[in-house]
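> Protein sequence lines, in the order shown, are assigned to chains A and B. Going by this note's numbering, 179 is the number at position 179 of the first sequence; the sequence numbering is gapless. Going by this note's numbering, 183 is the number at position 183 of the second sequence; the sequence numbering is gapless.
One should not assume that every hint holds.
Claimed, not checked - Listing some non-contacts, in silico: residues in chain A with all C-beta distances to chain B over 12 Å: (1) L65; (2) L72; (3) L78; (4) R79; (5) A84; (6) F115; (7) T162; (8) P163; (9) R210; (10) L213; (11) P214; (12) P244; (13) G286; (14) D288.
Unchecked claim - Sample of chain A residues facing chain B (criterion: CB under 8 Å; computed from the structure): (15) F21; (16) P26; (17) L34; (18) L39; (19) V42; (20) T60; (21) F64; (22) T66; (23) V98; (24) Y100; (25) A103; (26) W122; (27) V135; (28) A145; (29) H172; (30) A175.
Everything labelled a hint here was simulated from the structure, so no lab data went into it. Keep in mind the model is a prediction, meaning the values are calculated, not measured. All residues carry an ideal CB built from backbone N, CA and C; glycine is no exception.
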Amino acid sequence: MSTIVAARPPPETRISPVFRFAMLLPGGLVTFFLILFALGLVVFLAFRGNDGSLLGVGLTAENFLTVATDPLYWTVTLRSLVIAGLVTLATVVTAYPVAYYLAFHAGRRRNLLLFLVTLPFWTSYLLRVFAWKIVLAYNGVLNSAFIETGLWSQPTLAFLNTPAAVVVTLAHAYAPFAILPIYVALDTIPKSLLEAASDLGARPFTSFRRVVLPNSMPGVLAAALVVFVPTVGDYVTPAMVGGPASTMIGTLIQSQFGKANDWPFGAALSVCVMLVILCVVLVARGADRRFGSRT
Amino acid sequence: MSARADTNSDGRWLGLYVLAYLVFLYLPVLLIPLFSFNNSIQAAFPLQGFTLEWYRTLYGNPALSGALANSLVIGVIAASGATLCGITVSYMDLYGRSPLAATISAIARLPILIPGVIVGISLLILVNLIGLGPSRVSIVLGHILVALPTTVVVMRSRFAAVPKTIREAALDLGASDWTTFRRVMLPLSAPAVLSAFMLSFLISFDEFIVVFFLAGTEPTLPLYIWSQLRFPRSLPTVMALGTVILTVSFIIAGAAEILRHRGLGAPAAIQPEAQQRRGERE
Numbered sequence: 001m002s003t004i005v006a007a008r009p010p011p012e013t014r015i016s017p018v019f020r021f022a023m024l025l026p027g028g029l030v031t032f033f034l035i036l037f038a039l040g041l042v043v044f045l046a047f048r049g050n051d052g053s054l055l056g057v058g059l060t061a062e063n064f065l066t067v068a069t070d071p072l073y074w075t076v077t078l079r080s081l082v083i084a085g086l087v088t089l090a091t092v093v094t095a096y097p098v099a100y101y102l103a104f105h106a107g108r109r110r111n112l113l114l115f116l117v118t119l120p121f122w123t124s125y126l127l128r129v130f131a132w133k134i135v136l137a138y139n140g141v142l143n144s145a146f147i148e149t150g151l152w153s154q155p156t157l158a159f160l161n162t163p164a165a166v167v168v169t170l171a172h173a174y175a176p177f178a179i180l181p182i183y184v185a186l187d188t189i190p191k192s193l194l195e196a197a198s199d200l201g202a203r204p205f206t207s208f209r210r211v212v213l214p215n216s217m218p219g220v221l222a223a224a225l226v227v228f229v230p231t232v233g234d235y236v237t238p239a240m241v242g243g244p245a246s247t248m249i250g251t252l253i254q255s256q257f258g259k260a261n262d263w264p265f266g267a268a269l270s271v272c273v274m275l276v277i278l279c280v281v282l283v284a285r286g287a288d289r290r291f292g293s294r295t
Numbered sequence: 001m002s003a004r005a006d007t008n009s010d011g012r013w014l015g016l017y018v019l020a021y022l023v024f025l026y027l028p029v030l031l032i033p034l035f036s037f038n039n040s041i042q043a044a045f046p047l048q049g050f051t052l053e054w055y056r057t058l059y060g061n062p063a064l065s066g067a068l069a070n071s072l073v074i075g076v077i078a079a080s081g082a083t084l085c086g087i088t089v090s091y092m093d094l095y096g097r098s099p100l101a102a103t104i105s106a107i108a109r110l111p112i113l114i115p116g117v118i119v120g121i122s123l124l125i126l127v128n129l130i131g132l133g134p135s136r137v138s139i140v141l142g143h144i145l146v147a148l149p150t151t152v153v154v155m156r157s158r159f160a161a162v163p164k165t166i167r168e169a170a171l172d173l174g175a176s177d178w179t180t181f182r183r184v185m186l187p188l189s190a191p192a193v194l195s196a197f198m199l200s201f202l203i204s205f206d207e208f209i210v211v212f213f214l215a216g217t218e219p220t221l222p223l224y225i226w227s228q229l230r231f232p233r234s235l236p237t238v239m240a241l242g243t244v245i246l247t248v249s250f251i252i253a254g255a256a257e258i259l260r261h262r263g264l265g266a267p268a269a270i271q272p273e274a275q276q277r278r279g280e281r282e
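Kindly generate the complete structure, drawing on both the sequences and the hints.
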């Protein structure tokens, strides 16, 4: 294998400037204009006062003061963090065994199974949430199925419009996100490590706890991140199955750009969410490095 | 020997768990097709009998066909844009040897770490600033952004799976960068290009969170569905429409998955082997 890679000067040194420019142009426009500039606008707007105009007026930290002093925003932010945290925990914990099976036991069925667990990812998110609405509704699938089977006689309202409904729906909607990163991490563990562990007398559980689990942590953290980020800012699921008791921070941002019509304040809320996510990313990075140093 | 029996029974239990997991994953979604054929306005047991009535309501609905046309046009344009960006960004990231290319590639994958609602409002501010306002063009821009991480990841892994020697041979034989890219690397990655296009089309076609902020007077299909959810009477129609959309999504995603592994047939893990085989053939 190593004989193929011949050592010789790479030909990349003579890339023509025109080619380089043409190839960098589309991606450069999209990344710098649509991503960085647009995010910059959000940060800028967050420090402006609301006078009904597009970019607001003045230079003020009042939006952030409101966020920091009004207990409503603390409650909603905390609720969003708890819901997103529970969803992340549930998704990662339930996905781990599936990824483990894919990596070590699936054999010839591996590609088919990988396809099956990722397929829902490519279907409409709105429809997946809608499916839970009909499952949990008062005259819905779950209630009617229970009555049909005689488990209880009255439909119950207890499913829909609860934070629990939001957690279940989000965990289901983002389940496919978690499997792939964990699977990749498990699959890249050298088999020799496992053989060494069992040769040295480790029982299967010990070798799982001391070898497999720590080595798969980068994948687990990546999975946690890709589930946490979209769920913490979600506003569709709370609106569909959550009811008023499960308003999340995404709902508040959305209403600032809709009914409430206070764009600068919505921008400030968005900046706060991005800061929270930044903290989570940094914590995950730190944890990653800690686990990384162990291998 | 006992250790071996252990792992086998482990595997069996895990296999059952995976089966249960798949049921949990698919069951709620499959209820939509089930009740779309049910002769009742409510999605509840017991089933009331088979009907195609709800599918008939899909025909001759101008609002629905308008939304469908919008979604298709926006999907094709946004997918083309996202695929073009994905190809160029990942190619330059791998072979461009410039810090700028690496930076662009890193930023292109950044939307994964931004909740959709913030992507939506940031673009809403932007399109209002440049005078586009909420419109179909704005939706296309938003969907290029949402699909970009996927196309970059798909194209990057494909370009990386093409043996380095092929590209170097082309350059050594005097092909220009442009010729090497267009006549060698792009044809070798054609299935992945198609796969990236199909996946980004699906992303755009199903996308709701961002489009919610960017749509003007012409809604896309998910926005049409959202607007119908308020009326309990139109629930069965939504389920019929949902069934059609789910079926199309499954078919396109399946085809994209098959394409992604075709040609080189080299998932990263068996790449050296493929490289060797290719080397012999040359």
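> Quick check: which numbered hints come out false for this structure?
Violated hints: 5, 6, 15, 20, 21, 22, 25; rest satisfied.
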